[in-house]
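Asks: Put together the whole structure using the sequences plus the hints.
Heads up: the sequence lines are chains A and B, in that order. In terms of the numbering used here, the first sequence opens at residue 410 and continues consecutively. In terms of the numbering used here, the second sequence opens at residue 3 and continues consecutively.
No lab work stands behind these hints: they were computed from the structure. Here the structure is a predicted model, which is why all the values come from computation and not from measurement. Idealized CB from N, CA, C, for every residue including glycine. Incorrect hints may have been included.
Derived BS3-like pairs (lysine-lysine); straight-line CA-CA distance at most 30 Å [said to hold, decoys possible]: (1) A:K464 with B:K137; (2) B:K109 with A:K464; (3) B:K138 with A:K464; (4) B:K52 with B:K136; (5) B:K105 with B:K52.
Here are some chain A residues the structure puts well away from chain B; computed CB gaps all over 10 Å [what the hints assert, rightly or not]: (6) L420; (7) I444; (8) L451; (9) L481; (10) F486; (11) G520; (12) Q523; (13) A533; (14) I537; (15) V541; (16) V546.
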Amino acid sequence: MVQTQNSYKNLVTKKTDNPPILLNCMKAFVVGGFICVIGQALSYFYMYFFDFTEKTVGNPTVATLIFFTMLLTGFGFYDRIAQFAGAGTAVPVTGFGNAVISAAIEHRTEGYVQGVGGNMFKLAGSVILFGVFSAFVLALIKTILNLWGN
Amino acid sequence: MNKGMVILIVSVLSLLFACNAGENNETQTNTVTPINIEKGTDDINGTLSKQATAILNKKNDFLSSYKILESENELIIAIKVDFFQQFTEQKIEKKLEKELKEKLHTKKIKVSSDEKIYIEISKLENNEFTNTEKKKKFTKLKKLMKDNA
Numbered sequence: 410m411v412q413t414q415n416s417y418k419n420l421v422t423k424k425t426d427n428p429p430i431l432l433n434c435m436k437a438f439v440v441g442g443f444i445c446v447i448g449q450a451l452s453y454f455y456m457y458f459f460d461f462t463e464k465t466v467g468n469p470t471v472a473t474l475i476f477f478t479m480l481l482t483g484f485g486f487y488d489r490i491a492q493f494a495g496a497g498t499a500v501p502v503t504g505f506g507n508a509v510i511s512a513a514i515e516h517r518t519e520g521y522v523q524g525v526g527g528n529m530f531k532l533a534g535s536v537i538l539f540g541v542f543s544a545f546v547l548a549l550i551k552t553i554l555n556l557w558g559n
Numbered sequence: 003m004n005k006g007m008v009i010l011i012v013s014v015l016s017l018l019f020a021c022n023a024g025e026n027n028e029t030q031t032n033t034v035t036p037i038n039i040e041k042g043t044d045d046i047n048g049t050l051s052k053q054a055t056a057i058l059n060k061k062n063d064f065l066s067s068y069k070i071l072e073s074e075n076e077l078i079i080a081i082k083v084d085f086f087q088q089f090t091e092q093k094i095e096k097k098l099e100k101e102l103k104e105k106l107h108t109k110k111i112k113v114s115s116d117e118k119i120y121i122e123i124s125k126l127e128n129n130e131f132t133n134t135e136k137k138k139k140f141t142k143l144k145k146l147m148k149d150n151a
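Replies: Dropping the structure here:
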């Protein structure tokens, strides 16, 4: 790295405020936890009033959470919550809904096919990819452990 | 003390209290009254469900509560395990079912740790349902237990 780059980096480090990491973690924990509480309440709602078991209730719960996140993103409320809570809103499944819709809104001026259709999964695609890949790795580990156990 | 530290302490304390809240439920299993669709809840002496209750009451160390529904010598048992046993609840479910089948000499016993089954049997505890409705529910529960995601 050149001398000027180094000195510029030092200057930036000196002038930048330290981010309140602990406070941000707490905010993410509380808001993320609250989203999970809503998810749990929805699960109980579907189990109590409809014929969903613990095994099948995940589907309507996730669908409902994603649907409401998409609406909130469309109306611009989710961004405000995300600015406050950070990872707390990105880690739960609501972050997926937000990633899909925000990319769609961003590219709507480019047309429905090449704009919305082509870019809708620009952000969410990585979520799907890593989700599928980690599921594959976990399934592999489970299979090996099962074979080993037997 | 700064603001972040206060939030951290409050969060840790609330977590600890939440973990301890569910531990004091050992006596809950002793108050269970099984439901026999044909005989009601009062006349259960000598029935299969009464015998199952006697066995399940001894499982206080990992069972926090359970519900039993009986119809024509067939049992559906919904169990709730202790908080820290929840990761192994499916193993417990299978183990209990095997043990009950061996001790009660019948194959018509189904044990489930599914919350839905527990909720449905709890609904039947209110005597608002007729026997026909209860039998329908019994059949529905058997179908639900086979349901997979």
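Asks: Which numbered hints are broken by the structure, listed smallest first?
Replies: No hint contradicted; all consistent.
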